[in-house]
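J.: From first to last, the protein sequence lines stand for chains H, E and S. Those letters in the first sequence? Residues 5 to 493, per the working numbering, in order. Those letters in the second sequence? Residues 3 to 521, per the working numbering, in order. Those letters in the third sequence? Residues 754 to 1264, per the working numbering, in order.
Worth double-checking, as some hints may not be accurate.
Simulated restraints on C-beta separations [said to hold, decoys possible]:
hint: 1; chain 1: E; residue 1: W439; chain 2: S; residue 2: Q1098; range: 39 to 47 Å
hint: 2; chain 1: S; residue 1: G911; chain 2: E; residue 2: A495; range: 52 to 60 Å
hint: 3; chain 1: E; residue 1: W439; chain 2: S; residue 2: R1261; range: 56 to 64 Å
hint: 4; chain 1: H; residue 1: P380; chain 2: E; residue 2: G46; range: 47 to 55 Å
hint: 5; chain 1: S; residue 1: I803; chain 2: E; residue 2: A495; range: 28 to 36 Å
hint: 6; chain 1: E; residue 1: G46; chain 2: S; residue 2: Q785; range: 40 to 48 Å
hint: 7; chain 1: E; residue 1: A495; chain 2: H; residue 2: L62; range: 58 to 66 Å
hint: 8; chain 1: H; residue 1: L62; chain 2: E; residue 2: S54; range: 42 to 50 Å
hint: 9; chain 1: E; residue 1: W297; chain 2: S; residue 2: R950; range: 36 to 44 Å
hint: 10; chain 1: H; residue 1: P381; chain 2: E; residue 2: W439; range: 27 to 35 Å
hint: 11; chain 1: S; residue 1: R950; chain 2: E; residue 2: S54; range: 49 to 57 Å
Below are the DSS-like pairs computed for lysine-lysine, each with C-alpha atoms no more than 25 Å apart in a straight line [what the hints assert, rightly or not]:
hint: 12; chain 1: S; residue 1: K784; chain 2: E; residue 2: K388
hint: 13; chain 1: H; residue 1: K445; chain 2: E; residue 2: K158
hint: 14; chain 1: S; residue 1: K1260; chain 2: E; residue 2: K388
hint: 15; chain 1: E; residue 1: K483; chain 2: S; residue 2: K784
hint: 16; chain 1: E; residue 1: K388; chain 2: H; residue 2: K305
hint: 17; chain 1: S; residue 1: K1205; chain 2: E; residue 2: K388
hint: 18; chain 1: E; residue 1: K483; chain 2: H; residue 2: K445
Derived from the structure by calculation, the hints contain no laboratory data. The structure displayed is predicted, hence computed values, not measured ones. C-beta atoms are modelled at their ideal positions from N, C-alpha and C, and glycine is treated no differently.
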Amino acid sequence: MNLVDFQSAHLLVLAPEFLLVILAAVVMGLDVSLPESRRRQLGLVAAVGMFAAMALALIFSIPNGDNALLFGGMIRNDLLSFVFRMIFMFAGAITSLISMDVEGLGRRGEYYALLIASVIGMNFMAASADLVMLYLALETTSIGLYVLAGFLRDNDKSAEAGLKYFLFGAFTATVMLYGFSLLFGYTGQTNLYAIAAAIQNGSVPPFITVVASVLIIVGVGFKVAIVPFHFWTPDVYEGAPTPVTAFLSVASKSAGFAVLLRVFVAGFQGMALRMPGASWLPMLMAISAVTMTLGNLLALKQNNIKRMLAYSSIAHAGYALMGVVAFSQEGVAAALFYLIGYVVTNLAAFAVVILFARVSGSDEIADYAGLSRRSPPLALAMLVAFLSLGGMPPLAGFINKFFVFAAAMRSDLTWLVVVGVLNSIVGLYYYLIVLKWVWVKPAPEGASPIPVSRPYVFALSLLCFAIIFVGVVAAPWLDWAAQAAASLF
Amino acid sequence: MQFPFLSIITFTPMIVGVLLLLIPEDRKTETRVAALAGAALCLGMSLFVYFSYNVGQGGYQFVEKFDWIPRFGISYHVGVDGISNPMVLLTGIVIFTGVLISWGIDDRPREFFAFLFILATGVFGVFVSLDLFQLFFFYEIAVFPMYLLIAIWGWKVTREYAAMKLTLFLFIGSVVSLVGALAMYVTVGRATGVYTFDMLKMAEAQAAGVFNFNLNVPLLGSRPFEWVWFPFVFFGFAVLGGIYPFHNWSPDGHVAAPTAVSMFHAGVLMKLGAFAALRVGIMLLPEGARAHLPWIVVLTVINVVYGAFIAMRQTDLKYMIGYSSVSHMGLVSMAFATMNYTGYVGGAMQMFAHGVMTAMLFATVGMVYDRAHTRQMPELGGMARKMPFVLLGFTIASLSSMGMPGFAGFMAELPIFMGLWRAGTNTADFIAPYYAWIAVISALAIVITAAYLLIAIQRVFFGEISEEHDHHVGDVTVLDKVAITVLSITIVAVGLFPILMGPMVSSGVIAVLRIFGGA
Amino acid sequence: MNFVLSHLVSLIIFTPLIGLVAVGLIPSDQKQAIRWVAFLASLIPAGLAIALWFSYAGGGEGFRFQEQAVWYQAINATYHVGVDGVAVPMILLTGLLTPLALLASFNIDDRVKPYMMLFLLLETGMLGVFASLDLILFFLFWEIGLVPMYFLINQWGGKERRYASFKFFVYTMAGSLGLLLSIQLIGLTAGTFDIARLINIWPSFNKEVLVGVPISMIKTVAFFAFSLAFAIKIPLWPFHTWLPDAHTEAPTAGSMILAGVLLKLGAFGFLRLVLPLFPEQAHRYAPLLALLAVIAIVLGAYAAYGQNDFKRLVAYSSVNHMGFVVLGIAVVAWVAGSPSEALRQSATIAGTGAVLQMFNHGLSSAAMFFLVGVVYERAHTRDLDELGGGIWQVAPIYGGILLFSSMASLGLPGLNGFVSEFAVVRGAWPVFTLVTAISMLGLLFTGAYILKGIQKVLHGPKNPKWAGHNMEMNKREIVVVAPLMALMLLIGVWPWWLASVINEAMKRLVG
């Protein structure tokens, strides 16, 4: 543990977060000052701001590799957190872009502000090295998201989603907090690395660590939406405004993974290595298998595209979890890489859903019939996104799955690979069903082309390009992920 | 660094496909011309590579290699040997003729050609891959456009069902192989300390004996590594090769697909399965192959005979040819099961020969269907007078298909049978005494093939033409004739001058057999 | 010139293909041009065949004019051609008959182009079989001969052409299949497909190669497969049933070639492959072969007599005549390698007679089928009762030619048929006395059916039915048949020019 005293240079590490805070304020200010007709630009401001924050991070905040614990051990300045922060900001920026034309959302400053606040919270979730910091970040994130999920007050489903999300979230967060308190109680420490060291010394009874693990998994599992903490997902995804759903499905899930990696791989590895039989590892393996299987099987039956994507996101959490439970540097790298690919892919999928719903007002899969004739570029984007979700090369989804499977195989988890492989077949099936509606079925009479405004063109082009780029030129991203993973070990 | 011929061949279709998508939707003629130009480029390049391959030197040539994802030991590594080179040429021929005969597609030709070309990139990529990851990468690229091509432009009655069935079968096959491939990857990595997907390095490691250990398999107890994983890898790929009992996606797929896709599907894609089963399954796990192929040969006999019988019972021309493809691809697997030089030469030749002739069969059937709007043999007749050129093409392909000497099919089937007999001389093989029966039984299938193809020619091209067809059916276009001519020349050239292909194939096969210990 | 001589056999085989390409380039509606180009093109191999004949005759023994080149190295098959005393007459026959058949086809008006192209392809196939010295090559040409014939019958034949062509194809194909499998077996066990080499090593080959399959079994299986394939082609009783159908339905020129050359392929196969490669088995089963031959002779003649269709009558006569060929072959098979000098001499005579009979039957059956075609074209019937005789009155030239050809076929001394049948019977007598005696019975029937045919067509009072018709042959038709008649007479009076070449080959075969 190399705790570093405060230096002003450390502030630079958090430069993006500072910028985001300012951005939130600016957005709120503009909301008041701009005339109604120009408030659409708010989304643009938010997006540009978040891209700028990413640029700032790239310029100032790339970790120097010493994995220092800053701000009194609250923050760990490592590549893992950096990668995750980039993911969150990217997801936030894209979400802002694709929110711009959404009724009741796109012209509301507080919406963007909440979004930015959530991103800030997530950034700290990924970076925190202390239980207190972690919990604070988690709550910062969650509260913003609760509100966002229920943002459309007049819409019953949205309101229900907000409430449901809140109830589940609050409950699981409390359970997790109890797990934190157990750890604190036995070790007297709040710093994760200190706790890990304590466990390694044997100052915590194994039984307690297992109980604490289970309790923490409840909290994290809720964020990641793994079985059996997934029940909220379909309803919330369906009810929440679609951009929020998109954000939840990628950013919130990734944040959960950030915590998972930080707490379990970094904090508990000593324990896991010491008592393999009773550790959390087999439990997570089982959860991974069950999660992807259940997610895929339930997705099969969905008629609503948002619900389908909800279940599919559960399944993808299962795949990514495979990398974590491989419990190796390659595994963590693969999981991280999986998240990178999944974020761009799923955002693209939701972007299309948003655009389509704006015109047709429907999220039923059957209503996508003939989209390829109504709007060929949109159909093409959908093709790219869904095939990537289905795991087809040369798209990100293929290489993601491949690495996760390879990593699991290297850890001798053949059975889990087989489960994953079988699942990917099921997955492909329902993604193809959607594509069948889009590409094969004729359009209904009088269906009009779907207009795509410029921010969406930009967002979709960027995402599709990213999907292919990640899928083909995988090496740099994977290196990033691998170095980030290395910082854990 | 030499000129990257193989990369250009591989990526030209993809690039052309993407460019096609940029052409405005209503410029259909420009789309077609651009597609044809791309296909012609591929064909030209593959011809060049084919004929400048140095047979005397053998081995992998036109090799390009650079790191792709070094962290996982993945490189971009391409090269052709005596077996894959004819396959590349075959793909070039089929894409070129496929574009020619698809000229008449009027429903979104842009997307059609784009998907077809993406498919072609996948196919080329698999044939030239020397890296296992890269092979899977391209293999999947070759699978998914198939879904759209069939589902969108296919035969309305069965297309959705057939497309889904096909895609899932192939996808299941590929992921099953993937598990086996990963097992090899991990084992090689662990033993040598170098994790790599490079197939040449994996083969070296295999030769060095890294797979010589036993695994504990539930229910089966302790079994050799290769024994355990060979079936996964082999069958995973062989699904695409149409091996019994995993073949039944294939006739449905053939029938539902639009003509050019059927050509591609039966002509090239099925070879992809057989080729990958050879390259990955047999070449990387030779001991597993030695253990399992003797019983797999029984499946291939079923393939050959059963396929022929079912084909005979069809009244739908496309189903007939679809099942005949199953039967003929059975011969390829059968050839691989012989594990000797002659058989492998036959298998490799059969991949090419069947590719060309089945492409021709589907092309000609498509031409008939486009004009007569039916593929039911009882409803057809007298087409010879309407489209004599199609008769010529269909006849040449049929004769080749029934193993008539002078056509490519004979030059492939002959060594296959020779290989079967020769397999019967291998005293170490417990099934050796039965190879004679296998040869005789399979030969019967050839008689059946001759019978149904002759009957088909008779029913479709001769006999009475129906009133309606007499009025509406016209001759085929010049482009169609060009396509038929190209395919015919190929069939006859290889049939009369096996020296055009034989030595090249032999050089590749010798390398394969060296893995078996010079058997 | 040197090139021509050293590649003479290849040139003969492939020059018809030049004609094929040339015809292919002419537009379909230029029918006359197509006919002439095809005809003239077929004269090239004919001329080369004659050149081959003169270069071959009296210039040494064994396989000559050999050419060998790499063809399919993977299975060790080579392009190896060469001729001996049996092949040369057959090549000559083919070379001569094809132009005549093409000339006879000038009246074909429907799809002339593919017709001519198929015919030229057929010629290449037949010539190739006679010249092949590699089993795979032999099979290749063997099958090439099959396909064009199928289409010629199928497309330009009579009413029942579908059925007839299919039957023809399936019979031959079934034979070919066994042939091919046996070729594979031999190639695998002996390691070579080269006929010239196999003749030396195969009869004494006794290494067990296939696990659990004794070499004797392979030999026996291969022997039967070969024999079956060739017996179907000859056709030997009881495998002959495809022949009358095929003949009846084939167009005239098709029948000429079918009877004139294609049937010889079977007999040639016995002489080229079965006897040299399987002397032991051939010896064992020679009596059976002789028996079948006699049955063919007797029943063929008897059946011919029973026919009312002129063409069918001639078709069955082929079964009858080819029976003599087989009888001669059976004698050679039985005697070959025998220590008795006298027997061997008889066998040589019988064998020479057999090949001579092949040549003669080629001439006379071609002529007969052509003449049947001539009358059919004018009378539009081949039914002997409907023809009703009396044609001589209206067509004296035709009558004379028909009579001449019939007599040649009948075996009238002084014409070719007599020479060869006599030689066969003379050679067979000391070997299969009883069988030969019975075959003489066949000769009786031969006389009967020929006379029946002549009587029903030519004789009788002037038939009012044909009064208004021009039944006479035209010049072209006379040109077709004249060379055949000249040869019939020539061989009849001076057979040795042909027999000497055959005799030399037979001597080697008999040992």
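J.: Hint by hint, note whether the structure agrees.
T.: Okay, the hints, checked on the actual structure:
1. W439/E with Q1098/S: 39 to 47 Å: holds, 46 Å
2. G911/S with A495/E: 52 to 60 Å: violated, 36 Å
3. W439/E with R1261/S: 56 to 64 Å: Violated, since W439/E and R1261/S (Cβ atoms, about 38 Å apart) do not stay within the stated range.
4. P380/H with G46/E: 47 to 55 Å: violated, 31 Å
5. I803/S with A495/E: 28 to 36 Å: Cβ of I803/S to Cβ of A495/E: about 32 Å, so the range 28 to 36 Å holds.
6. G46/E with Q785/S: 40 to 48 Å: Holds - the Cβ-Cβ distance for G46/E and Q785/S, about 41 Å, lies within 40 to 48 Å.
7. A495/E with L62/H: 58 to 66 Å: The hint (58 to 66 Å, Cβ to Cβ) holds, given that A495/E and L62/H are roughly 59 Å apart.
8. L62/H with S54/E: 42 to 50 Å: holds, 47 Å
9. W297/E with R950/S: 36 to 44 Å: Cβ of W297/E to Cβ of R950/S: about 38 Å, so the range 36 to 44 Å holds.
10. P381/H with W439/E: 27 to 35 Å: Given about 60 Å between the Cβ atoms, the range is violated.
11. R950/S with S54/E: 49 to 57 Å: Violated - the Cβ-Cβ distance for R950/S and S54/E, about 36 Å, lies outside 49 to 57 Å.
12. K784/S with K388/E: Answer holds: K784/S to K388/E is near 19 Å, not above 25 Å.
13. K445/H with K158/E: Given pair K445/H, K158/E holds - Cα atoms ~11 Å apart, limit 25 Å.
14. K1260/S with K388/E: violated, 56 Å
15. K483/E with K784/S: Status holds; Cα separation ~23 Å.
16. K388/E with K305/H: Given pair K388/E, K305/H is violated - Cα atoms ~51 Å apart, limit 25 Å.
17. K1205/S with K388/E: Violated, at about 46 Å.
18. K483/E with K445/H: The hint is violated at about 34 Å.
Checked against the numbered hints listed earlier, the structure breaks hints 2, 3, 4, 10, 11, 14, 16, 17, 18; every other hint is satisfied.
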